[in-house]
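Given chain E's structure and the hints, the job is docking chain P onto it.
Going down the list, the sequences are from chains E and P. The numbering used here puts the first sequence at residues 1 to 401. The numbering used here puts the second sequence at residues 402 to 907.
Just so you know, the hints here were simulated from the structure itself, not pulled from any lab data. Bear in mind that the values here come from a model prediction, so they are computed numbers and not experimental data. All C-beta atoms, glycine included, are put in the ideal place defined by N, C-alpha and C. Just so you know, not all the hints are guaranteed correct.
To be verified - The following label-pair restraints were derived from C-beta to C-beta distances:
{"no.": "1", "chain 1": "E", "residue 1": "P225", "chain 2": "P", "residue 2": "L448", "range": "32 to 38 Å"}
{"no.": "2", "chain 1": "E", "residue 1": "L20", "chain 2": "P", "residue 2": "K678", "range": "50 to 56 Å"}
{"no.": "3", "chain 1": "P", "residue 1": "L525", "chain 2": "E", "residue 2": "A36", "range": "38 to 44 Å"}
{"no.": "4", "chain 1": "E", "residue 1": "R394", "chain 2": "P", "residue 2": "I664", "range": "56 to 62 Å"}
{"no.": "5", "chain 1": "P", "residue 1": "R435", "chain 2": "E", "residue 2": "S389", "range": "39 to 45 Å"}
{"no.": "6", "chain 1": "P", "residue 1": "W622", "chain 2": "E", "residue 2": "S61", "range": "38 to 44 Å"}
{"no.": "7", "chain 1": "P", "residue 1": "R892", "chain 2": "E", "residue 2": "F35", "range": "40 to 46 Å"}
{"no.": "8", "chain 1": "P", "residue 1": "A420", "chain 2": "E", "residue 2": "R394", "range": "54 to 60 Å"}
{"no.": "9", "chain 1": "E", "residue 1": "Y391", "chain 2": "P", "residue 2": "P548", "range": "39 to 45 Å"}
{"no.": "10", "chain 1": "P", "residue 1": "R892", "chain 2": "E", "residue 2": "Q298", "range": "31 to 37 Å"}
{"no.": "11", "chain 1": "P", "residue 1": "K678", "chain 2": "E", "residue 2": "F72", "range": "53 to 59 Å"}
Stated by the list, open to error - Okay, the calculated bits of chain P under chain E, using three or more residues with CB under 8 Å as the criterion:
{"no.": "12", "region": "489–496"}
{"no.": "13", "region": "861–874"}
Stated by the list, open to error - Away from chain E, derived, C-beta distances all over 12 Å, residues of chain P:
{"no.": "14", "residue": "G484"}
{"no.": "15", "residue": "S540"}
{"no.": "16", "residue": "R661"}
{"no.": "17", "residue": "L679"}
Single-letter residue listing:
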Amino acid sequence: MSIAPRKPPLQFALRLKRALGGKAGWNGLAAQIAFAAILAWIAYEIVANARTNLETQHIASGFGFLNYNAGFDVNQSLIAYNNSDTYWRVFFVGLLNTILVSVIGIVLATVIGFIVALCRLSPNLLLSRIGGIYVEIVRNLPVLFQILFWYLAVLAALPAPRQSISIFNTFFLNNRGLVVPQPVTEPGLYPFVAALAVGIILALGLRHYARRALFQRGQMIRIWPYVLGCLVGLPLVSMLVFGEPLKFELPQLKGFNFAGGARIIPEFVALTVALSTYTGAFIAEIVRAGVMSVHRGQMEAGSSLGLSRAATLRLIVVPQAMRVIVPPLTSQYLNLTKNSSLAVAIGYPDLVSVFAGTAVSQTGQAIEIIAMTMGVYLLLSLTTSALMSVYGWRINRSMAA
Amino acid sequence: MTDISASSFVRQDLVAERAAPAKTTGFIGFLRTRLLNSPGNILLTILGLLLAWYIVIPAIKFLLVDAIWTGKDRTACLAEKAGHEVGACWPYIQAKLTQLIYGFYPEAHRWRVNLTYGLGAALLLPLLMPRLPAKALNSGLFFFAFPVVAFFLLHGGGIAGFGMSWTAGLFELFEQSIGGAGDLLVNLSKSSAIAPLLWVLGKLLVLVGLLIHWLIFPLTWLRDQLQASSAPVWGDFLLTAVIVSAVLFVLGGGMRTGHRALIGSLLTFAGIAAGIKLMGLDRGGFPIVDTRLWGGLLVTLVIAITGIVASMPIGIALALGRRSTIPLIRIFSIAFIEFWRGVPLITVLFFATYMLPLFVPGNFAVDGLLRALIGVAIFTGAYMAEVIRGGLAAVARGQAEAASALGLSWWKTTSLIVLPQALRYVIPGIVNSFISLFKDTSLVSIVALFDLLGSLRASFSDPNWSTPTTAFTGFAFAGMIYFVFCFGMSRYSLFVENRLNAHRRH
Numbered sequence: 001m002s003i004a005p006r007k008p009p010l011q012f013a014l015r016l017k018r019a020l021g022g023k024a025g026w027n028g029l030a031a032q033i034a035f036a037a038i039l040a041w042i043a044y045e046i047v048a049n050a051r052t053n054l055e056t057q058h059i060a061s062g063f064g065f066l067n068y069n070a071g072f073d074v075n076q077s078l079i080a081y082n083n084s085d086t087y088w089r090v091f092f093v094g095l096l097n098t099i100l101v102s103v104i105g106i107v108l109a110t111v112i113g114f115i116v117a118l119c120r121l122s123p124n125l126l127l128s129r130i131g132g133i134y135v136e137i138v139r140n141l142p143v144l145f146q147i148l149f150w151y152l153a154v155l156a157a158l159p160a161p162r163q164s165i166s167i168f169n170t171f172f173l174n175n176r177g178l179v180v181p182q183p184v185t186e187p188g189l190y191p192f193v194a195a196l197a198v199g200i201i202l203a204l205g206l207r208h209y210a211r212r213a214l215f216q217r218g219q220m221i222r223i224w225p226y227v228l229g230c231l232v233g234l235p236l237v238s239m240l241v242f243g244e245p246l247k248f249e250l251p252q253l254k255g256f257n258f259a260g261g262a263r264i265i266p267e268f269v270a271l272t273v274a275l276s277t278y279t280g281a282f283i284a285e286i287v288r289a290g291v292m293s294v295h296r297g298q299m300e301a302g303s304s305l306g307l308s309r310a311a312t313l314r315l316i317v318v319p320q321a322m323r324v325i326v327p328p329l330t331s332q333y334l335n336l337t338k339n340s341s342l343a344v345a346i347g348y349p350d351l352v353s354v355f356a357g358t359a360v361s362q363t364g365q366a367i368e369i370i371a372m373t374m375g376v377y378l379l380l381s382l383t384t385s386a387l388m389s390v391y392g393w394r395i396n397r398s399m400a401a
Numbered sequence: 402m403t404d405i406s407a408s409s410f411v412r413q414d415l416v417a418e419r420a421a422p423a424k425t426t427g428f429i430g431f432l433r434t435r436l437l438n439s440p441g442n443i444l445l446t447i448l449g450l451l452l453a454w455y456i457v458i459p460a461i462k463f464l465l466v467d468a469i470w471t472g473k474d475r476t477a478c479l480a481e482k483a484g485h486e487v488g489a490c491w492p493y494i495q496a497k498l499t500q501l502i503y504g505f506y507p508e509a510h511r512w513r514v515n516l517t518y519g520l521g522a523a524l525l526l527p528l529l530m531p532r533l534p535a536k537a538l539n540s541g542l543f544f545f546a547f548p549v550v551a552f553f554l555l556h557g558g559g560i561a562g563f564g565m566s567w568t569a570g571l572f573e574l575f576e577q578s579i580g581g582a583g584d585l586l587v588n589l590s591k592s593s594a595i596a597p598l599l600w601v602l603g604k605l606l607v608l609v610g611l612l613i614h615w616l617i618f619p620l621t622w623l624r625d626q627l628q629a630s631s632a633p634v635w636g637d638f639l640l641t642a643v644i645v646s647a648v649l650f651v652l653g654g655g656m657r658t659g660h661r662a663l664i665g666s667l668l669t670f671a672g673i674a675a676g677i678k679l680m681g682l683d684r685g686g687f688p689i690v691d692t693r694l695w696g697g698l699l700v701t702l703v704i705a706i707t708g709i710v711a712s713m714p715i716g717i718a719l720a721l722g723r724r725s726t727i728p729l730i731r732i733f734s735i736a737f738i739e740f741w742r743g744v745p746l747i748t749v750l751f752f753a754t755y756m757l758p759l760f761v762p763g764n765f766a767v768d769g770l771l772r773a774l775i776g777v778a779i780f781t782g783a784y785m786a787e788v789i790r791g792g793l794a795a796v797a798r799g800q801a802e803a804a805s806a807l808g809l810s811w812w813k814t815t816s817l818i819v820l821p822q823a824l825r826y827v828i829p830g831i832v833n834s835f836i837s838l839f840k841d842t843s844l845v846s847i848v849a850l851f852d853l854l855g856s857l858r859a860s861f862s863d864p865n866w867s868t869p870t871t872a873f874t875g876f877a878f879a880g881m882i883y884f885v886f887c888f889g890m891s892r893y894s895l896f897v898e899n900r901l902n903a904h905r906r907h
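Next up, chain E with everything else stripped away, as it sits in the complex:
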């Protein structure tokens, strides 16, 4: 008598149930159908209403308008633009301006944030109190309030160009913005850039070699003189051989305004200052929390292993703090980029201001333009959050190992 294994019962119905209704089964399927019906009804209402409303307002939907002439000027543009260019070009002008203000704001905000965090962590009571007061004041005021404050109060109170505040006679600050020396390219630029690139690659190669020597043979190689030579020496040599890479044209006061030099528009200055100080306060708190999250025993364990204070910080404390710091730091960078859309309040020509603002009022294509603008920001945040999940996954893996 043999015991033949019985066939398992037919799983088809179960599988079907699972596929259609998820874990909730047939109830889930009913809920999904009802939900889909409601969604379909709402979508139908929206589409039908939008169609009638657009017809009564005589607006043709579609993206054809992007090829029309924009016909308005933009007061700051990184790419060549004049008022006979298309709306496509307006879109890119705005996008580039958004990226410009975000990148500069992020760099400045990081610097401010780390300095304030160091102040707050300092054993010096006065300094940590000053840092704390800065953080409390800046975080508790709306960012738009701060942008308008810098733009309408501080920058407007600056003197006229003739009485500009001069910084080393190179930078001039007045109510029409900040005048800075303009870099002019010289023939030595390309060899200089090439030498710099070669230097960076060589330095990276050296570092790789030194690390391998350390990990595989336990051999410590002092490489910093060579790295310095690559990074500074090579460009210097190229400058000596081919001449200067850049010349700076200094601004000169002529009549009522400046000749020469480049003018940074006050809107840009106000926006950058406000965004970087505001985000800097948040970054300071993040960095402080990150450093304080590393247990004091870690530092003690490092020194008991005979590592120097600097080596303990570099190899033990900072990597652990970075794990806590990086995810919220990225979300602050993202916030700064999103907040840069407040440029529309002071007329800095960013994406929202020129595209979702001026272009909408000129063409009336609200649906298309606002969808495109939202799409840009959405793409940016989804990409960032995807990168962050990869980062989080790697951190988890290295913690588990």
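Chain P alone, transformed into the frame defined by chain E:
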């Protein structure tokens, strides 16, 4: 016995007292340990003092010492008139104060705004004090009754019907929409490859519409009868009260245990009746004040409070949806949350201002303030959903398992066991998102609403008060208001957090 004094190694005199160790307590000790303990630290202290000196002294000088306190117009705040360097121009704030607080709300009706502020404070303050009892009643009044009362107080106007009429109207709208969709499909079927399918679907929808029409016929008939009667609101109100109370009585357990539900429902309706009678809603209510006249702190608070009240249910629904086991609902919730969290608020406000009016039927004119409110509610709801999801994840899994072991349904498990605990955990998070919402209300000034910041900006352009220090004065004043609100809330959030973590303190 030898003479001790002869042994030369015995000391004759006492050792001199050593100096006391450096003081580490008290003011001097504090200075020594925290500020001056090393050369580097001394340098930092000097730097900090210099920094404070160059910020604090000019600020005090500007705000108090050099400030002008009285005056009629801009000439009082000019350096030539005052005879010294002029600081803050406070008469300007005095002149613009009503505009900064009420906007252009008619002067004769400002008591309505004040009454709303008073009601809100009277309901909110007890809600914030954990010691006081009756939190359920209090939060019910604040989150449900107060917004409605505030609407009729601030906006004015009355009601033409009550529950029955509204239900009938809603069903009629739905029926028309379904019928319209059916007709559209039937029309489409004339020029399509899948004509029979579309035709059948369209006819089916028309049939459903017809069915709904006959189903709700008693309701619409009753409504028409009520509207024709002498007191439509009260008749409708009575009918609604009786029906809702009866339903609750049956649902609450009938003769056995339904009394509680019945009494609660009757009391609620009595409260509503008192509200209708007091505000005279059945006779047209207060005169209507158009929202375009609202402004200043009023708009800021209206948007902030509405935002928080409306975002709570949106957030709870989305958070539960995101944790749901039903795929479509989960996917929809995730997409909804991530979409609104991924775009800046200003584009959401643009969306609400420019796109939303296109999405509703043409005969609905959506009020400008209402558009902004919808945008803010959706945006904050998405953020709130993530906060609440954190709370839901913090509730131990055993709680829900124990509840289902007791035989509670999903709804009961969620509403009685999981949500109350989850919401308690996230009170600090909710307060934090309220702070950022309060700060974000300033953005509505970009879509042509005059909130505190918008009114401030508008007041700068008044030539009667344009002086070099006007802008600084205005920003100082508005900044103080924003700071007091936000700082107060952040302290409150810390207080709640400490209370929640009381068991972990050591």
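These are the hints, each one checked on the structure:
1. E/P225 - P/L448: 32 to 38 Å: Taking Cβ atoms as reference, E/P225 and P/L448 lie about 34 Å apart, which means the hint holds.
2. E/L20 - P/K678: 50 to 56 Å: Since the Cβ atoms of E/L20 and P/K678 sit about 53 Å apart, the hinted range of 50 to 56 Å holds.
3. P/L525 - E/A36: 38 to 44 Å: Since P/L525 and E/A36 have Cβ atoms about 40 Å apart, the given range 38 to 44 Å holds.
4. E/R394 - P/I664: 56 to 62 Å: holds (59 Å)
5. P/R435 - E/S389: 39 to 45 Å: holds (43 Å)
6. P/W622 - E/S61: 38 to 44 Å: holds (42 Å)
7. P/R892 - E/F35: 40 to 46 Å: holds (42 Å)
8. P/A420 - E/R394: 54 to 60 Å: At 58 Å between Cβs, range holds.
9. E/Y391 - P/P548: 39 to 45 Å: holds (42 Å)
10. P/R892 - E/Q298: 31 to 37 Å: holds (32 Å)
11. P/K678 - E/F72: 53 to 59 Å: Hint holds: Cβ distance 57 Å, inside 53 to 59 Å.
12. 489–496: violated (count 0)
13. 861–874: holds (count 4)
14. G484: Nearest chain E Cβ is 21 Å from P/G484, so the label holds.
15. S540: Fine: 26 Å to the nearest Cβ keeps P/S540 off the interface.
16. R661: About 30 Å separates P/R661 from the closest Cβ of chain E, which puts it past 12 Å; holds.
17. L679: At about 36 Å from chain E, P/L679 clears the 12 Å cut-off, so the statement holds.
In this structure, the one hint that does not hold is number 12.
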